[in-house]
Amino acid sequence: MAGPLTSPTTAPTASPLSPGKRSARVFARAGVLLLKWASLLALLLALVFLTVELLPGDAATATSERGESAADLAARRELLGLDRPVLERFLDWMTGLPTGDLGTSARGEQVTDLLSSAFPNTLLLGAIALLLTAVLSLALGCWAALRPGGRLDRTVSGAATAVLALPEFVVAVALVLVLSLWTGWLPAVTLTDADGSPASWDMLVLPALALTVPQTGWNTRIVRAALADEARTPHVESAVLDGLPPHRVLTHHVLPGALPAVAAGLATSTGMLLGGAVVVETIFNYPGIGSVLASAVADRDSPVIAGVTALSGAVITVVLLLADLVRDVVTGGRR
Amino acid sequence: MSTTRRRAGLAVRLLPALLLTGLALVGPWITPHAVDAPVTAPYGEAGAGGTLLGGDQLGRDVLSRLLAGGRDLVLSSLLVALLVTGTAAVLGAIGAVRPLVGRVVERIADVLMLLPAVLGILLVTLSWPGGGRLAVIAAAVVLGVPYAVRLAAGAAAPIAGAGYVEAAAAGGERLWYLVVREILPNLRAVLLALFGLRFVAAVYLVATAGFLQVGPQPPAADWALMIRENSSGILLNPWSVVAPGIAIGLLALSVNLAAATLAPQTGRKAVTVL
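Chain order of the listed sequences is A and B. Each residue of the first sequence is one higher than the one before, counting from 1 in my numbering. Each residue of the second sequence is one higher than the one before, counting from 336 in my numbering.
In isolation and in its complexed conformation, chain A is listed as follows (with noise of 0.2 Å):
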């Protein structure tokens, strides 16, 4: 739930430059911020190594079948890898990440395997409630901006506060409950082709709501305070002493200005989308990593969460990286 809403990153101080030399600044800038994302996502990486390692249990252990002797134990140590020394392993799992390698699962799969058909579907999901997400915060934002402090605005900041604690299984089932069951609009239930991806649209309708409710509500606030910071600069005031109409001031002068909070903040709603796509996707038994992970918990399946994770940060290292180039290039040039 609560996501930190700043970014680390300074904007540049750009004084008039040159096309050719503000293009170069821009790529050094990009090269940097690159960098920095990068040595971040290596350092959450070892992290989960450290946290499957360093925790009582391994997933020999946690697979062994009642009654099981020592040497079997041993037998499958050896077979997934586990009696080779820390640092290899660690060297092994983090040299392996970049092609793709997540690992093997207690069952000895590759958890890529595992993950390959399943992971895109969970990609597709989230994109759609970002995508939803976005133009449901910005529309809500906007139109609650356009009357400060009338009704309009409290109802709106009211109701984003309220929905933006609830668990997102709590409004799946409120969905399903109302949507499918109550009124037979929608599917409650996701039916897969034979490529395992979902079988019509309309069944990624309850899913894609109810990730994005409780981030909407999230979302709708950032958009709010960061309009509401940006009516306060000079630039806004002059437009406003000019006379221009309210939606024209909103849209040419507030808006371009709010944006990188904006995008900073939809950005660490990724994380949230992919945490509760995991819960959700269970409710309606959509074909991602959610059921993936349901037979982990199942089988406490560590190696299998650990290439999720890897995965997922790899996912949202990118998101927060564009929105750390948005605001580069929306500031970039004017401060």
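Don't read these hints as lab results, they were simulated from the structure. Hints may contain errors.
Unchecked claim - Just some of the chain B residues that point at chain A, by a computed CB distance under 10 Å:
#1 Gln392
#2 Val436
#3 Val459
#4 Tyr499
#5 Ala536
#6 Pro573
#7 Gly584
#8 Val590
#9 Leu592
Said to hold, decoys possible - To be clear about the criterion: a stretch of chain A counts as covered by chain B if any three or more of its residues have a C-beta under 8 Å from a C-beta of chain B, and this derived list gives those stretches:
#10 97-104
#11 161-170
Keep in mind it's a predicted model, so treat the numbers as computed, not measured. Glycine included, C-beta positions come from ideal geometry on N, C-alpha and C.
Knowing the structure of chain A, use the given hints to seat chain B on it.
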């Protein structure tokens, strides 16, 4: 607005959260039926066998399990919120006096931005199969502290720069004295608000862990677990799913309302405190 009216408004906003957490805490003692024995048919409809809200997937009384199923969620969340707030307060105050500590915590918070909390909980509970409830609480604390430290450090920084703290530091007072006697007492309002926000976050995480079956295990009565277990019978006895759903929803809403009330109102910027 007069002080009494403001106080009354404050009480009205805090009351739902206090009532609901209170009810969840005493609930296990006031159940009309046993929580672990069937009293009606599986998914028996409301009213059957003297049950107000019908039966669950084994025919156990939904109302009794509803009353019994909130205490652990509330207690775990309170514990997480307390631990996170306490740790963050001390670390934040230290970070304000010792900038190096502040920078390290800042980097860790950056890294944890890449780890969705739900996946973090799953990572810890699956890597630590024997951890049980302790694993969930530990994971929720570890995942919550870095964000909370940012807030606490932000609030502590101006205080650490205040004349009397600098005077005490120049006078050779030890670090713990500066933190405990000079800085923390001045952070009371911020820490109260922080506690509220962390409670909201903890309810979300602990409930989600329960739903993902890495928290309380069957046959325990738990709101999140009830939703998971009874979802296949939602058409036969909707109450078996709707009632715990409403309970979790109301808990999240009321605690969130209380937290928003406690948060310092410093204009629109206050929104980013969440």
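Checked hints:
| no. | hint | in the structure |
| --- | --- | --- |
| 1 | Gln392 | violated, 15 Å |
| 2 | Val436 | violated, 17 Å |
| 3 | Val459 | holds, 6 Å |
| 4 | Tyr499 | violated, 29 Å |
| 5 | Ala536 | holds, 5 Å |
| 6 | Pro573 | holds, 7 Å |
| 7 | Gly584 | holds, 5 Å |
| 8 | Val590 | holds, 7 Å |
| 9 | Leu592 | holds, 8 Å |
| 10 | 97-104 | violated (count 0) |
| 11 | 161-170 | holds (count 9) |
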